[in-house]
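Trainee: Respectively, the protein sequence lines represent chains A and B.
Per the numbering used here, the first sequence runs over residues 1 to 361.
Per the numbering used here, the second sequence runs over residues 1 to 734.
Calculated from the structure, these hints are not laboratory results.
Beta carbons are placed, not taken as given, at the ideal position from N, Cα and C, and that holds for glycine.
Please note that the accuracy of each hint is not assured.
[What the hints assert, rightly or not] Far from chain A, by Cβ distances over 12 Å, these chain B residues were calculated:
(1) E71
(2) N109
(3) F126
(4) G146
(5) Y173
(6) S232
(7) S303
(8) G514
(9) G542
(10) I660
(11) E691
(12) R719
[Unchecked claim] Derived DSS-like pairs: lysine-lysine, alpha-carbon spacing no greater than 30 Å straight-line:
(13) A:K217 x B:K286
(14) B:K718 x A:K217
(15) B:K431 x B:K192
(16) A:K210 x B:K286
(17) A:K66 x B:K30
(18) A:K210 x B:K192
(19) B:K83 x B:K228
(20) A:K66 x B:K529
(21) A:K217 x B:K520
(22) B:K431 x A:K66
(23) A:K217 x A:K71
(24) B:K506 x B:K600
(25) A:K66 x B:K234
(26) A:K71 x B:K506
(27) B:K286 x B:K83
(28) B:K148 x B:K82
(29) B:K600 x B:K282
(30) B:K496 x B:K529
(31) A:K210 x B:K718
(32) A:K217 x B:K228
(33) A:K217 x B:K192
(34) B:K506 x A:K66
(35) B:K282 x B:K148
(36) A:K210 x B:K496
(37) B:K82 x B:K30
(38) B:K431 x A:K210
(39) A:K66 x B:K282
(40) A:K71 x B:K192
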Amino acid sequence: MDPRTTFWTRLVIVSAALLLLAAPSWAGKSQLIFELEDPRGDDHGNGRLEYPIRSDYVKGDLDLVKFQARKVGGGTQFEAIFARPIRVAGREAIDDLGTSLSSVARHGFYTFNIDVYIDTDRTTGSGWVRLLPGRKAEMEAGHAWDRAVVLTPRPSETRAALQRMMLGALNEQLQNSDYSEEDGTEISSRILMQRRLPAELEQRIHFPQKIRIHGRKICFFVPDRFLGGPARDDWSYTVVVSGADLVQSFDISASMGLAESTKDNLMILPISPGRWQDRFGGGREGEALQPPLVDIIVPAGGLTQERVLGRFNTRSDRPVQLSGVVPAELGDDTSSAVAPAETAEPAADGPATGLGGVSGR
Amino acid sequence: MTMRTLGSALVILGLLWAPAATVQADNVKKFSITGVNYTKWLWGNQRLDGGLYNYSDVPGEGYGDNGQGTELELLVSARPSKKIEVKGRMKARFNQNFWTNFGGFGGGNVGTPGTDECLAGDCGEFDSRSAQYIKFRGLSIIITPGYKWVDTVTIGSSDFGMFDPFTIGKIRYIDRDNGAGLIFQGSSASRKFSYDFTRVSLPRLWAGPDFSTGDYNVSDAAYALQLKFNPSSKFDLAVIGEYVNDIEIDATDFDFDDGRDIRTRFRNSILGLRFGIHPNPKVDLKGAFYSSTSDAVADFSSSSFFGISGFSPVPAGKHDDVAYTVDLAINDPFDNGLSFNVQVFDIGAEFVSVMAARRESDVLLTEGHDGAFGLPGPSNSAFGVFSGEGNETRIGYGGWQGNAQQVVTINADNAFTDFDEPMAESVIGWKGFTIQPVLGLGDFDLTGEYTSIDYNTNWQAWGDPTRGILDSLYPNMESDAGFGSPRNSYAPFQDKETEIMVLAGKYFVDVGNGLELFGKVKFIDEQDKRMNDARFLPFQAGDCPGGGAACANNRNEYSAGLSSADLYGNPPVITVNGVTGYQWKPFDSLADDDRDMDYKLYQIGAGYQITDEIYGTITYEHYDVDLQDGNTAFQAYQLHEMASGDHTKDKLIIEARYNIGGAEFGFNYEYNTGDFTPDFGGGFVTQFADEATAANVLVPVGSPGFAGRFGGWNSLAKRDFEHQRLKAFLKVFF
């Protein structure tokens, strides 16, 4: 070996070894705030959801088995552990231009979203009950959320998409209202809202950018400035896992009736009856309100995930209603099991019996 | 709700929910059409204009670094019943469809349509590569019959991504529905058991010896059965069997009355086993083992290859071998962000899988080599010692960006790629291990890599001294000379070992929208003694006495009648400017072909989310490579530019993406500078380019160099490079 190379080789190896071996002593121990467990094998929504038929989805990939929060410097680190190793975006081309998957899913993961809806004030009637677009689910009134953390492969693009969707909805509402263009109050109100939107979103919904993957575990950081401090175990948490859709469309074909609209699918894979390559299968016929949620954490002693996600009715405009989990109420131990999976008994079709009719404040 | 009540963005969020009354009851369209538009703008100072891709090694296909073009893709989907789905695609291609063709009508007075003469859109509307036509690209019918024994039956096009990179690899994206066949997929026991069975019609373009499936190809197919067991999320197992059958009509069967007999042209069978053990979140163990046999029948394909430039995706003759990888991941065992990945791999020299993934897969953990030096010559040229179109660098001095992806086939495919895409390299013959520690600590990420590679292709005289040196069973395409070829795994003489070391870091600075700083150092130490046994020296000791005396040409035979003199012929005696001596150094020492590469890469960069829609990076890379690749006795197999000497290369890369919902703009600009200082050793008389040589191989008149065995010219002058290039694009989903 060339002497110069030998030198560099040794330098790099020694440096790397020192850095890595010294790391444990630097790291310090983060403080566990709470830990929630979720049954294995329940990555099937209401019991009938089927993964897309394609090579980057295998049963277990979106099966959340543990969810933790740790206090770290400057914020909270949430950690989600899945049943199988997380698929990491490689450099395979995903379009005709040769765009690599890893350049689009820059944070490494690309197959799932994790939404964490947090009710911080635990006050009935305070907060928001509807989940983000495409989730097709609501919170029970007692767990209405005040803050949401949305882990998604393209956080900035998702935030921008949500803003566009909201502005679009705002404009549509204006057009459908009985105000005229000349109504100065209306226009100024719209302008005001447009200006407020980014700050409002920033205040209410956080899209983590500091993300790290270790095998089956994904860690994402939420700063104290968003939650007002570290996460607390007496808050209510609703954790929802869904499939991620990286592609956004202008929906022109849909507007002409040539395709399904994807405008409400905020980076989420939908669900339909049958088996599909580009969405989840196993959906009910004629039920547009079936949520495409793969795995959720439900409170111990309550309804099972399968029953919770089966209680919707499109004809009655009644989406499923989710309930949060309050770690502090699960016992002194921060670790707690939640309701076991009900793998064989999907909920029957029929009218929902939960808290119906709750809408936004 | 009225505007006057709007007090919070969350209220607007509620507007995004359509009431159920307005939601279509059946949330699946029976028929849909969606589309994608791709627009590409290439610019570069190589001024090549053959096609709208930077690189192609397919004879007759265009490549270039300039031009603008547009693709339109229409995706049609129909769901006539809940059990049947039909999906089709119609698409235009970039190819030679430049905007300057003026709607596909420009040109037409040059070349014969459908031949290699049509390049750069010269044939206009008379050639399908420049007529701006939209082509039917693929259609698949997916049936979900509702039987217990089968979940879906797919008839027609597929990318066959349900198998694996060692057997039937996922077809590259641009060809994703070019392949067609039958696919049966089923499961039972809540998908704890599942199977995939397919019959793939064998692609006649490349899936057989000599990149062909012969004259009678419509019945050629690959068959594969994959059984997967997932009894729990802690353990999974899959077994796979594949059989490729390329048949021909038996030309000796003259009795047509009882039909025609058939014979095998090429067979390739593979048996594989994959498993995964995931006992807890800290540990993941995966393994993949494959055994292959292949047989390329001599009278239907090449029985051997011209030893130093054979082209084929599979070796000639019969071969069998094994390949395996074992991966161990130890994930954050101390709960402090420190993880370890380890891979052991051994890919047999004669492992053959003609349907393995050709690119866009990565079977090894190591970074491997870098695309910046992708082909033999200092400028990334192949056959650059000769004049003529196509022998200059195609991909450009900058090569491809980033490190290579590793594929398990010499059918590695980099055609129709641009510089911003990864290069695929063959790992046939590689064996060794990779250790990769990964540390994530606060805002800091650090990844290390140490890889040691030995080679199953370390052999002398192609591993079979009973055959002539130019009578190889192994194609070596652009060869292992210089920086080598990504699709070559074989060399006539090899005694090689490689060490790769990488230390990459990333630091997140919490300013503004978050600044990502990143950097990397990478070292490759690669040594190859090539010929390591004097038995194989081409001529007898003292054959070329020097002092202006001619060589005696007394061949040294390593087997009866066989000598490497067929490859390394002796030089003539020449006199230049009063100096008399050999035109190149006689190959009389085992050191004459030694290769020693000391490769260093230093990278630093930053990325910033300028707005939610705009993300940009700037990267600077400095390469410093000291390469000894034989001397003028070896002369890069007399086919390629010699790359022995000192190389420096600097890359400045600026990349940005602007995403506005269904549209994404992007550009990637690269500024490459560098130099090459040749060091071809001594023992020969330096020649100087005359006017003809200068004009032929584009060197200054009077510049030093030497003419090789085949008349190619290697310049001894220092070379300075400055290449710029840009790829801008727009894609719109509608």
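Trainee: Checking the smallest CB distance to chain A, is N109 (chain B) really beyond 12 Å?
Mentor: holds (30 Å)
Trainee: Any Cβ of chain A at or closer than 12 Å to E691 (chain B), or is the non-interface label fine?
Mentor: Nearest chain A Cβ is 40 Å from E691 (chain B), so the label holds.
Trainee: Straight-line Cα separation of K431 (chain B) and K192 (chain B) no greater than 30 Å?
Mentor: Violated, at roughly 34 Å.
Trainee: Take a quick look at whether K506 (chain B) and K66 (chain A) sit within 30 Å of each other, Cα to Cα.
Mentor: holds (28 Å)
Trainee: Measure nothing beyond the straight line between the CA atoms of K71 (chain A) and K192 (chain B); if it is 30 Å or shorter, mark the hint as holding.
Mentor: Distance of about 38 Å is beyond 30 Å: violated.
Trainee: Check the hint pairing K217 (chain A) with K228 (chain B) against an upper bound of 30 Å on the C-alpha distance.
Mentor: Distance of about 24 Å is within 30 Å: holds.
Trainee: Would you mind confirming whether the straight-line C-alpha gap from K210 (chain A) to K192 (chain B) stays at or under 30 Å?
Mentor: Distance of about 35 Å is beyond 30 Å: violated.
Trainee: Hey, K496 (chain B) versus K529 (chain B), does the alpha-carbon distance stay inside 30 Å?
Mentor: holds (6 Å)
Trainee: Hint check: K431 (chain B) vs K210 (chain A), CA-CA at most 30 Å. Holds or violated?
Mentor: violated (36 Å)
Trainee: Quickly compare the C-alpha distance for K66 (chain A) and K282 (chain B) to 30 Å and report which way the hint goes.
Mentor: Within the cut-off at roughly 13 Å; holds.
Trainee: In terms of Cβ atoms, is chain A entirely out of 12 Å range of R719 (chain B)?
Mentor: holds (23 Å)
Trainee: Does G146 (chain B) clear chain A by more than 12 Å, comparing its Cβ with all Cβ atoms of that chain?
Mentor: Violated, because the least Cβ-Cβ distance between G146 (chain B) and chain A comes to about 9 Å, which does not exceed 12 Å.
In summary, the numbered hints that this structure violates are 1, 4, 5, 6, 8, 10, 14, 15, 17, 18, 20, 22, 27, 29, 31, 35, 36, 38, 40.
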